[in-house]
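Since each chain sits alone in its own frame, please combine them into the complex, following the hints.
Single-letter residue listing:
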Amino acid sequence: MEALLAIVIGVLYTAGIYMMLRRSLVKVIFGLVFLGHAANLLIFTLGRITTGKPPFVAAGATSVVEPFADPLPQALILTAIIIGFGVQAFAIILFKKAYHTVGTDDVDKMNSTDRIE
Amino acid sequence: MNLILVLPILIPFTTAILCLFFWKNIKAQRIFHLSGAFLYLIFSFVLFSEVRTNGILVTQVGDWVAPFGITFVGDLFSAIMILINGIIGFATAIYAVGSIDEKRAQYGFYPLLQFLIMGISGAFLTGDIFNLYVWFEVMLMSSFVLIALGGTKPQIEGAIKYVTLNLLSSAFFLTGCGILYGVAGTLNLADLSIKLAELNNPGLVTVIGMLFLVSFGIKAGIFPLFFWLPASYHTPPAAVSAIFGGMMTKVGVYSLIRVYTLLFNHDIGYTHTIILVLASFTMVTGVLGAFAQTEFRRILSFHIVSQIGYMILGLAIFTPLSIAGTIFYIAHNIFAKTNLFFISGVVRSISGSYSLKKLGGLYKPYPMLGILFLISAFALAGIPPLSGFWAKFIVIKAALEVEDLISVAVALFVSLLTLLSMIKIWNDAFWKDKIDSESEEEVNQFKSMSKVKKIFFLSPIVLLALITISIGFFPEFLFSLSRDAAEQLLNPQIYIEAVLGKVK
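As given, the protein sequences belong to chains A and B, one line each in that order.
Counted from 1, the first sequence has number 98 at position 98 by this note's numbering; the numbering is strictly sequential.
Counted from 1, the second sequence has number 67 at position 67 by this note's numbering; the numbering is strictly sequential.
Just chain B, same shape as in the assembly (with noise of 0.2 angstroms):
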């Protein structure tokens, strides 16, 4: 067994269990959350590098020979995913030892935050669809737990919509595996790929593709299915606001571009262009969204589904240099996304609102905080040379080499749309004066932190705008990286013999 495959979760699960152990003493749950993410944050990158080298890592739990035994796989696309949400669950498990209420952290914050992060990771490691959902079950308790946590009304009403249409949609993944069972009599991925090719009835593949678009659409926030996601993302603290944002559903693009590209390539011309069209709708519902909005993480959370759009419009055009894209779209978006949700919370605390016309004048008190948005909202937009433009730029450029000239002519329309609804944030947050500088004292509650907790507070917004930025000036290393992971995503023959061995 290669354990370096199982320690992404076998990491979190042990932090947690820690955790719970010292459930009244919060100051060692902090010690334990904070070393745990930061192994978590070593093992991924070893687990990369191995990937990286090595190729298709492949493991069986308890030693029974695939497709019977419990499949881990590590190809380089979910070691690009495990790293990235490495270094976000280590930033995030920074930002909540900085930002999270002890009233919070006495009612087991941290060993959530560790479960979720342990379901996240087996949602990108395993090898199998059952396993998937029962990887991605781990992961929504822990999530609505989260987003409960604290109970304020707000929160309560956004996890009702949350709970409900995940648990719809995990109710639709649950069919779908049903019947992939019974037409296929087999659940292991790399199987499932061979024997759905050997049934040759491209209606009944279809029909199931169709019902795991619905499942993992209404996780990503595609299109039709999107509308839980901003009314609830803006509800929990800061923090889980991040990693939700960040993480939580790029595990459905994730899972979406596993299933198009693995089992459901039969078809490209029906599915895909399905996939086409709900990608041009989403980018556009989001950004309009969006613009309506004059809440911080409301406008973020629209955010999230219109930059959703872009990645699932790479997985539709289905060329090497699309799929990189996306890829390469994931993991810029991911650093993007999550570092603006922070600095929402950082305004808060400052000014005691999440709302733009109760916000303003912080760009005198606070100009780095100033840039440090800049940074992100202008990689979010696309603006060179930062991240965002070389994801824009690929996804795009592909979309030309197909002449897709209508999804070119959405994307870059979204993207400026993008740009106004970043300025709006900047000119009510930020520039314009605000309008009652009384309350001001009363509210910030950021003055009064003490020292460490600053440090604790923005060091990972600082880290993450590193990223971005770095990302953006040196791209080659990123795009090298997901060319790779798209040559082994459109080629499944590679992952199949990964891991049954030679085929005859």
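The following block holds chain A by itself, in its conformation from the complex (with noise of 0.2 angstroms):
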């Protein structure tokens, strides 16, 4: 289970980067999803997968047995998605604007203010 994570994670960010060098906005996008779900993916895969363990202290022991699954990860998790959440829907409503100011998706013709006079 790990190393295909891995391989989905390795994936991701792959795919990511490679979105956030393209010039069209809407891929652009895309990457910073791509991104987002990797580095979610890798904490939670960080956090060690285990199965049927939940972190309960039997009746009569004084703590856990190892191996437990650690609920710490998927708090880290459940923030950050809600943090990548409001951020990428910012994020396409501000790209939507621009389509609508500048009137191309093009970051390539987005350099008015980069000029030197």
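Hints are computed from structural coordinates only; laboratory data are not their basis.
Among the hints, erroneous ones may be present.
[To be verified] Heads up, simulated DSS-like pairs for lysine-lysine below, C-alpha to C-alpha not over 25 angstroms straight-line:
#1 B:K103 - B:K453
#2 B:K103 - B:K153
#3 B:K364 - B:K424
#4 B:K103 - A:K96
#5 B:K358 - B:K454
#6 A:K27 - A:K97
#7 A:K97 - B:K153
#8 B:K24 - B:K453
#9 B:K358 - B:K153
#10 B:K153 - A:K109
#11 B:K434 - B:K364
#12 B:K364 - B:K451
#13 B:K453 - B:K364
#14 A:K27 - B:K153
#15 B:K27 - B:K454
#16 B:K103 - A:K97
#17 B:K454 - B:K434
#18 B:K153 - A:K96
Now the structure itself:
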């Protein structure tokens, strides 16, 4: 399972970076989404994958038996997903506004303030 | 729970919410906004003096013992940064009232500025790497909206670059946090410091360190990662540029210093050499980039990059004196840089343009403005006795002590070029005759402003110039502070014991 997830994470990072390097704004958005997913999956995988081992202390025992599912990475991912959701929603609206204001979705053409007079 | 540590977050938060309740009533928003910024200034000073007398303050929100709870830590470095944030926040609040147009105010400029200040304070005070990520996002989200608010074409173009690159940096940050948790099983900075040392795997730790270097490097604007900065900082109104240029990039530098003194201090020969090389490149590319520009705020933006080089040069040398120099430099630079952006806004309202080609002849009608500009510009270039001289002196002396002559040469050369580029602005905007003086009357919004508005517009500039001068004439106070803060930073044991209690 870990190996499969590792490959998926690698593909997501690669695709994310590749999409961000494209000139079209829509693809840049997909790049951002992929990168967010890649980071979330990475945290999930690094939190060690266990099945059927809830982090409960059994009756009569004083501590949990290793290995057990660590709930913290999931809490982190939840936070990261929510933040990512908000930020991506903002980015999509901004890019749409950019398309209306500048009249193109080509990043290379958005250089009116970069030119030296 | 120690309330003093949380107030720098609660005050802007409450102010912003109050402003939101009075969405339609801009007058009320202005009053809340100004009083909130003033309260923040007072309590940042209280926090500062408390930390200065009693040492590191720690509080656990919700009373869960560290490393499990949410930790807020105020060491001397954080306290200095919070105090500076208070002063800059207050100055920007006054300046914004004088300079922000009704339209932007109607769409929530004031609450956004408060949320930005809240995010910056959180980043300075948190003692937990994941919370640092969350505070960065709070800060970024408000800055995204602030940079795009108004929706003019240059702003939207700038915002696209700003948003994309900062989201990339956040993705790297999150990746770094994830790997850190995977190898160390904790997110508390103090606890991480111990666990990473116990890990005994410097290679892996260095790899994680590089992820953080890229992430914070994008935010701070260091050498190969700074391109978003001069492409976006000159697009929003001057008040926004000022707090961005003054505080936001320094949050990146602050985080770099925090993680590279507390977490990644195992393989200094490797990591800090990389930072050293990057520092020199940052200084040179920033100042050369500024040279080609003819727009007031773009020149200043490139100078932000070049000044960041000096700060991380101090971090890279990694001696008590050099870290003290870095902290001194950050303090001086925030005041000088913010003030220059403020002045650019005034110049714009007088002449209707930021372009040096269209400016001119401002010294004759506005001699005081010229002098205020010169104070900040000379401070930035490092002319004695202004604050920049001491800042550069300390960093360069630290470099000389470790016999890093290349960095010394680069630093001196770059400060000479900085002076040249400041003189270029002076010559073009203030000294030379204006080419078409007829249009002067039409574009001059400054003349028709009411007296009160003018006071709001100009008083923060005078305030920051006075601070720059007093740092210049009495550098001992700030220097002894920076030295104490550097000593705390270089002995992570103090920080760890303050957070976790006595470790066996």
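Need the status of pair K153 of chain B, K96 of chain A: alpha-carbon distance at most 25 angstroms? Since the Cα atoms of K153 of chain B and K96 of chain A sit roughly 13 angstroms apart, the hinted pair holds (cutoff 25 angstroms).
Given hint K153 of chain B paired with K103 of chain B - CA-CA distance at most 25 angstroms: Holds, at roughly 16 angstroms.
Hint check: K103 of chain B vs K96 of chain A, CA-CA at most 25 angstroms. Holds or violated? Given pair K103 of chain B, K96 of chain A holds - Cα atoms ~21 angstroms apart, limit 25 angstroms.
When you check the alpha-carbon spacing of K364 of chain B and K424 of chain B, does it fall within 25 angstroms? 17 angstroms, holds
With the threshold set at 25 angstroms, check whether the alpha-carbon distance from K434 of chain B to K364 of chain B stays at or below it. Holds, at about 11 angstroms.
Holds or violated: K97 of chain A and K153 of chain B, Cα atoms, limit 25 angstroms. 10 angstroms, holds
Is it true that the CA of K358 of chain B sits at most 25 angstroms from the CA of K454 of chain B? It holds: about 23 angstroms lies between the C-alpha atoms, which stays within 25 angstroms.
Pair hint K103 of chain B and K97 of chain A, alpha-carbon separation not exceeding 25 angstroms: 18 angstroms, holds
Taking 25 angstroms as the top limit, are the C-alpha atoms of K27 of chain B and K454 of chain B close enough? OK: K27 of chain B and K454 of chain B at ~17 angstroms, within 25 angstroms.
Regarding the pair K454 of chain B and K434 of chain B, is the alpha-carbon distance no greater than 25 angstroms? 23 angstroms, holds
Taking 25 angstroms as the top limit, are the C-alpha atoms of K358 of chain B and K153 of chain B close enough? 21 angstroms, holds
Given the proposed pairing of K364 of chain B with K451 of chain B, does the C-alpha separation stay at or below 25 angstroms? 21 angstroms, holds
Every hint, counting from the list given before, is met by this structure.
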